[in-house]
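Heads up: the sequence shown runs through residues 1 to 350, numbered per the UniProt record's numbering.
Calculated from the structure, these hints are not laboratory results.
The beta-carbon is built from N, C-alpha and C at its ideal position, and this holds for glycine as well.
Keep in mind that a hint or two might mislead.
[Claimed, not checked] Here are the simulated distance ranges between beta carbons:
1. L24 <-> T236: 30 to 40 angstroms
2. E129 <-> A307: 38 to 48 angstroms
3. G308 <-> E30: 51 to 61 angstroms
4. E273 <-> K68: 31 to 41 angstroms
5. S269 <-> K68: 38 to 48 angstroms
[What the hints assert, rightly or not] DMTMM-like cross-link-like pairs, simulated, lysine to aspartate or glutamate; straight-line CA separation at most 25 angstroms:
6. K3 <-> E344
7. K192 <-> D46
8. K87 <-> E141
9. K68 <-> E129
10. K114 <-> E125
11. K97 <-> E141
12. K97 <-> E125
13. K97 <-> E129
14. K97 <-> D63
15. K87 <-> D120
16. K3 <-> E141
17. K5 <-> D71
18. K255 <-> D172
19. K49 <-> E344
20. K211 <-> E199
21. K3 <-> D58
22. K5 <-> D46
23. K3 <-> D66
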Amino acid sequence: MEKIKVGVLGASGYTGADLMRLALRHPAIELTVLTANSHAGKPVKDVFKHFSHVTLPDLIAIDEADWKNVDAVFCGLPHGTTQAITKQIFQTHPNVKIIDMSADFRLRDPVAYKEWYGLDHVATEIQPEAVYGLTELYRDEIVNARLIACPGCYPTAVLLSLVPLAREGLVDATDLVIDAKSGVSGAGRGLKENTLFCEAGEGLAPYAVGKHRHMAEIEQEIGRAAGLDGLRVNFTPHLIPMSRGELTTSYVRMKNGASAADLKEVLASTYAEDPFVTLLEGEALPQTQMVRGSNYVAMNVIPDRIAGRAIVISTLDNLVKGSAGQALQNFNLAYGLDETLGLEQLPLFP
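Construct the entire structure; sequences and hints are all you get.
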């Protein structure tokens with residue numbers, strides 16, 4: 001199989017590390033450029049000990065990257081930095097594909113981007129061509145995309161479970177209450193007091209209550225599916241003392257006489273042909289142990305004891321399907337490869 005030359009920007013972060021882990025066993029990928037400004041000049045194995053068994057290019061600063069030596073770039077940089085780099089790459093090497101794992105191109109409206117991220121969007125001319133990279137819902141657009149904006153981890157879990165229901169008019173999109181929990185890796189690899197072992201261990205803590213930036217994506221995409229402008233949802237994230245994993249519990253009010261069984265039937269038909277989405281049987285409950293280390297999503301719909309309401313639960317690995325795995329899934333589509341290539345690993349247990 002002919003190799004596609006790939007660069008990873010932000011290779012020293014958790015998402016960059018998981019992207020490299022998956023790419024190393026992808027038969028069509030050759031990793032040629034790995035950037036990490038704070039670790040420039042170091043071998044990857046000095047930054048991540050679990051790569052001691054493999055040969056990789058040394059980490060370099062972004063300014064040293066040679067874009068002539070890449071066909072596709074995965075961006076794992078913080079928000080506010082990817083826009084300018086993407087613009088630069090497209091100006092000099094327009095045939096390079098960008099699979100962005102940051103937030104810089106997820107929001108369709110640059111005004112909304114400034115509202116949520118506090119920065120002016122510096123690449124508004126290329127924003128319109130960005131395809132929202134929620135694979136199962138935008139597969140046809142991803143196939144021909146040059147710029148793919150991969151969703152955040154929380155939106156991936158929430159939107160896969162709720163967008164089909166909103167699109168079919170089975171739930172009231174204006175009455176959504178979403179409780180979300182994520183492993184500590186979701187906060188990134190940077191030093192933060194609230195993610196220190198003594199701060200995060202043996203406890204459970206809400207954060208960014210009423211103002212988490214992923215709310216913007218959730219409202220954007222559910223509003224689009226339901227045909228509603230200016231949608232607002234109730235979303236509260238929590239930090240769980242585990243390395244990876246994510247679980248969202250959404251409380252919904254049903255419409256048009258729908259039952260929980262109807263909701264489940266729509267999800268089943270929507271994802272019947274999708275390799276990574278599993279709708280559990282009966283009232284089996286999704287658990288993070290079902291998906292750890294994999295690109296799988298497990299979900300189910302449970303009737304609420306309150307008439308007219310249901311509980312929709314979804315779980316995924318925040319670093320795989322919630323980030324690097326979905327990025328690789330989109331890469332496969334963009335290059336006409338089997339969607340599951342390099343992503344066949346089953347969940348890790350225990």
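Hints and how they fare:
no. : hint                              : verdict
1   : L24 <-> T236: 30 to 40 angstroms  : 37 angstroms, holds
2   : E129 <-> A307: 38 to 48 angstroms : 46 angstroms, holds
3   : G308 <-> E30: 51 to 61 angstroms  : 54 angstroms, holds
4   : E273 <-> K68: 31 to 41 angstroms  : 39 angstroms, holds
5   : S269 <-> K68: 38 to 48 angstroms  : 46 angstroms, holds
6   : K3 <-> E344                       : 19 angstroms, holds
7   : K192 <-> D46                      : 22 angstroms, holds
8   : K87 <-> E141                      : 21 angstroms, holds
9   : K68 <-> E129                      : 22 angstroms, holds
10  : K114 <-> E125                     : 15 angstroms, holds
11  : K97 <-> E141                      : 14 angstroms, holds
12  : K97 <-> E125                      : 16 angstroms, holds
13  : K97 <-> E129                      : 12 angstroms, holds
14  : K97 <-> D63                       : 19 angstroms, holds
15  : K87 <-> D120                      : 14 angstroms, holds
16  : K3 <-> E141                       : 24 angstroms, holds
17  : K5 <-> D71                        : 5 angstroms, holds
18  : K255 <-> D172                     : 6 angstroms, holds
19  : K49 <-> E344                      : 24 angstroms, holds
20  : K211 <-> E199                     : 22 angstroms, holds
21  : K3 <-> D58                        : 19 angstroms, holds
22  : K5 <-> D46                        : 23 angstroms, holds
23  : K3 <-> D66                        : 18 angstroms, holds
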